[in-house]
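Residues per chain are reported as follows:
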Amino acid sequence: MTMVNITINGQKVSAPVGSTILKAAKLASIDIPTLCDHPALVPVGACRICVVEVTGQRTLITACTFPITEGMEIQTESPQVVKARKLILDLLFSERNHYCPFCQMSGDCELQKLGYRYGLDHFIYPTYTKGFPVDATRKYFFMDHNRCVLCGRCERACGDLVANHTLGLRNRGASSMIHADANVPFGESSCVSCGTCLQVCPTGALCDKRSAYMGRNIQTEHIKSICNRCSIGCGMEIVTRGGNVLRIDSDWNGEINEGLLCKNGRFDPLYDERERVTQPMIRIGGKLFPSSWDEALKTITEKIGSANAKEIGVLASSNSTNEALYLLGQLFCKELKATNVGLLNSTAPKLFDKPQGSLADIEKSDVILVAGTDPANDQPVASFFVKHAVDRGAKLILAGGKDNGLAPFATMIIDDLGKAVEIAERAGNPVVLYGAGVTEKGANALKKLQGKASFVAIEPGVNTRAAVAFGFNNEFKASAAKVLYALLGEQGLGSEDVLKDVDKKAFIVVQASYVSPLTDKADVVLPTAIWSEQAGSLTNTEGRVQKVNKAVEPKGEAKPDWEVLSLLASKLGKKLGTSLDEISAKATQELK
Amino acid sequence: MTKVKVATDWLAGCAGCHMSLLDIDERIVKLLELVEITSSPVTDLKHPPKEGVTVGILEGAICNTHNIEVAKQMRERCQILIAVGDCATFGGVPAMRNLCGTDAALKRAYIDTEPVVDGLIPDSPELGKPLEMVTGIGEVVKVDLFIPGCPPRADAFWYALTELLAGRTPIILPPHLFTYD
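Top line first, the protein sequences correspond to chains F and D. Using the numbering used here, read the first sequence as starting at 1 and increasing by one per residue. Using the numbering used here, read the second sequence as starting at 1001 and increasing by one per residue.
The hints are simulated quantities; they were obtained by calculation from the structure and are not laboratory data. Hints should not be assumed to be uniformly reliable.
Chain D is nowhere near these chain F residues, computed Cβ spacing over 12 Å in every case [stated by the list, open to error]:
id : residue
1  : Arg-117
2  : Tyr-140
3  : Asn-444
4  : Lys-447
5  : Ala-506
Straight-line alpha carbon distances no greater than 25 Å define the calculated BS3-like cross-link-like pairs of lysine-lysine that follow [what the hints assert, rightly or not]:
id : chain 1 : residue 1 : chain 2 : residue 2
6  : F       : Lys-592   : F       : Lys-334
7  : F       : Lys-130   : D       : Lys-1129
8  : F       : Lys-310   : F       : Lys-575
9  : F       : Lys-83    : D       : Lys-1142
10 : F       : Lys-592   : F       : Lys-350
11 : F       : Lys-448   : F       : Lys-364
12 : F       : Lys-303   : F       : Lys-477
13 : D       : Lys-1030  : F       : Lys-130
14 : D       : Lys-1129  : F       : Lys-86
15 : F       : Lys-448   : F       : Lys-337
16 : F       : Lys-571   : F       : Lys-555
17 : F       : Lys-448   : F       : Lys-298
Selected chain F positions facing chain D (Cβ under 7 Å, derived; list incomplete) [stated by the list, open to error]:
id : residue
18 : Cys-100
19 : Phe-123
20 : Gly-131
For clarity, every value in this text was computed on a predicted model and none was experimentally measured. Glycine residues also receive a C-beta, built at the ideal position from the N, C-alpha and C atoms.
Please construct the entire structure, taking both the sequences and the accompanying hints into account.
Right, dumping it as structure tokens:
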């Protein structure tokens, strides 16, 4: 790599050619203040806080946008620079309501930090001269335009990162405002509430309704984990305080999402108001009564022990961890020889023995063929990748489904998958995103693109890949089960049809986090932890195994999903491992 | 050695800054060995003496014409004027009314408030007239030292006063005492 030599504050610094002054300074640990700049966004030099003095330049230069050249001499805190920054701050603070104490961001605000750094102790210019509206029409977060500094981070996040292009800027000068679409309330706009703008906002202009005023960053813990709302496997940070989850941030270092999250992953988990199952329960005389773990497991052991393999039915939810699904497979399929096992959600058709592509291929493709899946609704982050590629110039072919969330972005919508494949065949670098909606005929049509296209199965459910790998894709016959073990986890019961055929006399064990029609019918209920309460691992739709971490304690007597099965296995006298590390290692080995 | 004379007063504030000053705790004994507090809202004498003081301390925002009179009188009668607290420096909580306008705020408070029947906005000539814009003290008089904070920490008061007594004029407080969050 070609290096360029420059001098910053008299210190010799070399940085790769093409670096901005800001990047070069960062490499040398020289701190230049910024406001509109953000590591994940394209710099625009809007706020001008990062101005520096460059010898030979007519005026002060914005460090975030200006590339370095050989021999450049830079001063980052010269009297002229400091004077300019103070002026910029005085103007910024005067523009709107930037009075700190009653702002939710106070203590974490980047504008406030700059005020401290440059000794802003009173307003130089008249302030509060004009009131701006507050837009709280979105469910999860609101925008107070009075706190906005017009840095444009939100607009760039919406356009450059999420490729949704909802946000823009209207009016001029002091009247400038961030707006959605053609100036409609955010709640009625094309906004998908992914919250990326919320996370990049440097001030209190964008504010999370749920976690506002509930703690400053310094008072909170950030636990890295993986989202379990769909099969993409986005990295996230669970923000907690005092054993409570305040909010979910995206992880900028997430391997797949690189800082993106969606409404389903960032907000919905915190608004789940279903009643939790908090202790083991046993049905006695037609009613469920609280019991101890030991009693509950003993009751199950007796029933399973006396049933023959054909009488055992097992239903698994794909939102369980790799470890739980592994143990469930080992215990029931391997040890107890049960064959009537099934998965609570459908799966994408298996086109090939080996995975043929990854989500990262979307970014490199020139034609994207989407078939039998609706990522905009079910796996939104994958749809962001698609929209991003469309922005770049890639063509999007939707096979069927005018109701598909990606329809407004599609180059063409073709009902006949065969014809869509013919078009994709002519592309240089096609990628196929296919889901459970692809029929057998469709699958055969898609196979024609083998060798040419990159195939990414977009699995419905969460940990479907692991569930399938551990044997849970068979045809499940509810009527055949005399003893039914349902590993439900957090899954809402879309399986009332399954229940309909269950033998009235069948003994039903439900391992679940929430009360549901199935727990109401159960003979034994085992409380299990939710996403924030357990460690383990998840396999995403590409087959990538990622670790999830525990952020808070399980509610009541609930236990991690794998631990429940490990205890049950021990009670049945099967040695399948007791520690998470041991089971994790075995599960991961099996998944390879 | 004669004691240094200090006067304090409050404008549109909540008295919290004065409470924070008292929070210097036992150090107040040492302070009173060196300074004479001629007047303050929490002592018997309320107005700064005509012959003047060395240091004047003001808490609260400029909200009405009365606040301007008090601020100007303090300015005339002191050599060094300190504005303490977020109200005196930035406008503070009273300045929130700037976002809706003074008329709307008065109407909401005296007429539209739920239990009020036949409400009336006070307009006695003895009262100061509310201003259209609430501001910090710096808008109407020259201020020599701003100590923001809601309230400023007791240590910030202690630091500023001991620096002044040592013959040094702090321009901006050190970072650990300079905070308005």
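Do the hints match the structure? See the list:
Annotated as non-interface, Arg-117 of chain F brings its C-beta within 12 Å of a C-beta of chain D; the closest such distance is 9 Å. The non-interface label for Tyr-140 of chain F is consistent with chain D: the shortest C-beta to C-beta separation is roughly 24 Å, beyond 12 Å. Every C-beta of chain D lies more than 12 Å from that of Asn-444 of chain F, the closest at about 63 Å, which supports listing it as non-interface. For Lys-447 of chain F, the non-interface assignment is confirmed: its Cβ lies about 61 Å from the closest Cβ of chain D, beyond the 12 Å cut-off.
Ala-506 of chain F, annotated as away from the interface, keeps every beta carbon of chain D farther than 12 Å; the closest lies near 60 Å. Proposed proximity of Lys-592 of chain F and Lys-334 of chain F is supported: the alpha carbons are some 18 Å apart, at most 25 Å. For the given pair, Lys-130 of chain F sits about 22 Å from Lys-1129 of chain D by alpha-carbon distance, which is consistent with the 25 Å threshold. Between Lys-310 of chain F and Lys-575 of chain F the alpha-carbon distance is near 22 Å, which keeps this suggested pair within the 25 Å criterion.
Distance check on the hinted pair: Lys-83 of chain F and Lys-1142 of chain D sit about 21 Å apart at the alpha-carbon level, within 25 Å; holds. Between the alpha carbons of Lys-592 of chain F and Lys-350 of chain F the distance comes to roughly 17 Å, so the proposed pair stays at or under 25 Å and holds. In summary, the hint linking Lys-448 of chain F to Lys-364 of chain F is supported, as the alpha carbons are separated by about 21 Å, within the 25 Å threshold. For the proposed pair Lys-303 of chain F and Lys-477 of chain F, the alpha carbon gap of about 19 Å is at most 25 Å, so the pair holds.
As the CA atoms of Lys-1030 of chain D and Lys-130 of chain F are separated by approximately 47 Å, the hinted pair breaks the 25 Å bound. A distance of roughly 34 Å separates the Cα atoms of Lys-1129 of chain D and Lys-86 of chain F; the hinted pair therefore is violated under the 25 Å criterion. For the suggested pair Lys-448 of chain F and Lys-337 of chain F, the alpha carbons sit about 38 Å apart, so the restraint of at most 25 Å is broken. About 24 Å separates the Cα atoms of Lys-571 of chain F and Lys-555 of chain F, which keeps this hinted pair within 25 Å; it holds.
With a CA separation close to 53 Å, the supplied pair Lys-448 of chain F and Lys-298 of chain F exceeds the 25 Å bound. Evaluation of the Cys-100 of chain F hint against chain D yields a held restraint, the C-beta minimum of about 5 Å falling below 7 Å. Hint on Phe-123 of chain F holds. Least Cβ distance to chain D is approximately 6 Å, under the 7 Å limit. The criterion of a C-beta within 7 Å of any C-beta in chain D is met by Gly-131 of chain F, whose closest approach is roughly 5 Å, and the hint holds.
Checked against the numbered hints above, the structure breaks hints 1, 13, 14, 15, 17 and satisfies the rest.
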